[in-house]
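Asker: Sequence:
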Amino acid sequence: MGNWQRKTLLQASSTQNNDFYLYRYLATEGFLPGYNFPRLPLMAYVPGNSDGKTQRYIQRPRFLAISEFGPQSLVYHEGRAFRVDRALLKEAGDRPDGLLTTQSRAICKMCGAGHPGEHPEKCHVCGAKLGGAILVHNLYRIENVGTRPAERITSNDEDRKRQGFDLQTTFSFENASFKSQQTITDADGEIVTLDFAQAAWISRINKGLRRRKDKDKVGFFINPKSGVWLGERKENGEAGEENRPEILRQLIVPLVEDRKNALLLRFPQRWIADLGHDNRRTLTTIQHALARGIEAVFQLEEGEILVEPTPSTEERNALLFYESAEGGAGALAQLVGEPDGLIRVAKKAIEIMHYDPASFAAARTDSSKLAELGDPECVAGCYRCVLSYFNQPDHEYIDRRDGNALSFLLRLAHADKLSAESFSSLSGKTDSLVPPDNSPLIVDGVSFSNVWRKARLIVIEEGEIDEELRARLVAKGIRVLERPNDPAAHAAFEAEISALLGG
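Sequence positions in the sequence shown follow this note's numbering and run 1 to 503.
To be clear, the hints were calculated from the coordinates, so they are not data collected in a lab.
Remember, it's a predicted structure, so these values are computed and weren't measured experimentally.
Worth double-checking, as some hints may not be accurate.
With a Cα cut of at most 16 Å, we get these calculated EDC-like pairs of lysine to aspartate or glutamate [what the hints assert, rightly or not]: (1) Lys90 to Glu143; (2) Lys213 to Glu143; (3) Lys207 to Glu174; (4) Lys215 to Asp166; (5) Lys225 to Asp94; (6) Lys369 to Asp356; (7) Lys476 to Glu496; (8) Lys122 to Asp166.
Turn these sequences into a full structure, and let the hints guide you.
Answerer: This is the structure in structure tokens:
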């Protein structure tokens, strides 16, 4: 940490609304366990004038900052332009050879799940073999970045800003506090499989400029001692830090991570194969229609639920929904906890795309029978239906009239079967939930085995105790939850338990 950072921390208390204050920094870095502060956003240090009075941090959410604060990007602040020229390293060159410690990840080609280090034979989410997994090496987590004033802005900078970075989002459900899986079917077979995880690890990787010539070459060169981003070595030997032979160089792939509630929606492979190679329009329309449906059904603001295709925008085998808000809105847990949650979302999505709900039944087997809702004056899409600020890169592929997308949503809207399996149960099938205490709790001669004393929580079966005993337990400050008999409600119930236990 530099002197200017220490000064910012120590003087932060003088500014009442400053987000970068001492106790929050210490809490998020693990020095104050038990303080439930939200994770700090990624920050870019902007130098001030010679008097040092105008220096400050610009904050962005981590998943936005990985591109906006990417290597050599331009940041505009108070009428001035600044170039992101370095990463602020926690432990510069911590290896014996002076390089940064990096990690590797194997990304499943079928669903996009990430597997750090020595990956297993099969994907922990979809079960696909990982022999042909996408391997990404030299991953390094970026915490904060530094900038310097940009002396001039070139056409190359404008092209970089227009085309942006090649980003890939991956996830891991292995250490999630709660997991469940559901398969939705109808008379024609499987429609979709839902994998829900509470507090899953979501990672976003910056693989390089989107306009780079060699797509197989990923990452950026960095000085592992100073954190300064280095360009490619120039063959003509022009002066520059990247051409000085004594400068240590290392190729890294920037990475940001966070824990979020996530839902993976997996399409049947046979159905994707039937769509053919030209399926991007269909899958993109489904992706954003369902996102708008979730926002409408659960009354969320635009952007509270984000969705990305996995494993990539070219191979859309699945859709990853995750809650962008700190702590999550709980909408995804509610969606999988309700037997008709996704069915209601599908119906609302079709209605949002300007189709009359009264025509849904007639169009169940023939999407061409859908009737327009009034006169929407909308062709492929508009900002009143599927288009939004958040999906602008996909606007050319969104088409509310796409027959395959409408047929899929209609099947989902009329689905009649739901099979659900919870991977964290009170009977101890897995270790996803914090296990109950080893010794039972005995109250008034009644023994309770599913008890968490620290959380003052007891879980019972429906009808296990009478109201009088329940009242005595509540009077003692003990929370009593009844496990529902309906298996379809177990996912939401156990998600509630996990939240109470601090999962």
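Asker: The structure should be examined with respect to each hint, and the outcome stated for every one.
Answerer: Each hint, compared with the structure:
Between Lys90 and Glu143 the CA atoms are separated by roughly 8 Å; this keeps the pair inside 16 Å, and the hint holds. Between Lys213 and Glu143 the CA atoms are separated by roughly 28 Å; this puts the pair beyond 16 Å, and the hint is violated. Between Lys207 and Glu174, the direct Cα distance comes to roughly 24 Å. Violation of the 16 Å bound is thereby established for this hinted pair. Proposed proximity of Lys215 and Asp166 is supported: the alpha carbons are some 9 Å apart, at most 16 Å.
A C-alpha spacing of about 9 Å is found between Lys225 and Asp94, which places the hinted pair at or below 16 Å, so the restraint holds. The straight-line distance between the Cα atoms of Lys369 and Asp356 is roughly 10 Å, inside the 16 Å bound, and the hint therefore holds. Between the alpha carbons of Lys476 and Glu496 the distance comes to roughly 21 Å, so the proposed pair goes past 16 Å and is violated. At most 16 Å may separate the alpha-carbon atoms for a hinted pair to count; Lys122 and Asp166 exceed this at roughly 27 Å.
Hints 2, 3, 7, 8 from the list above are not met by this structure, while the remaining hints are.
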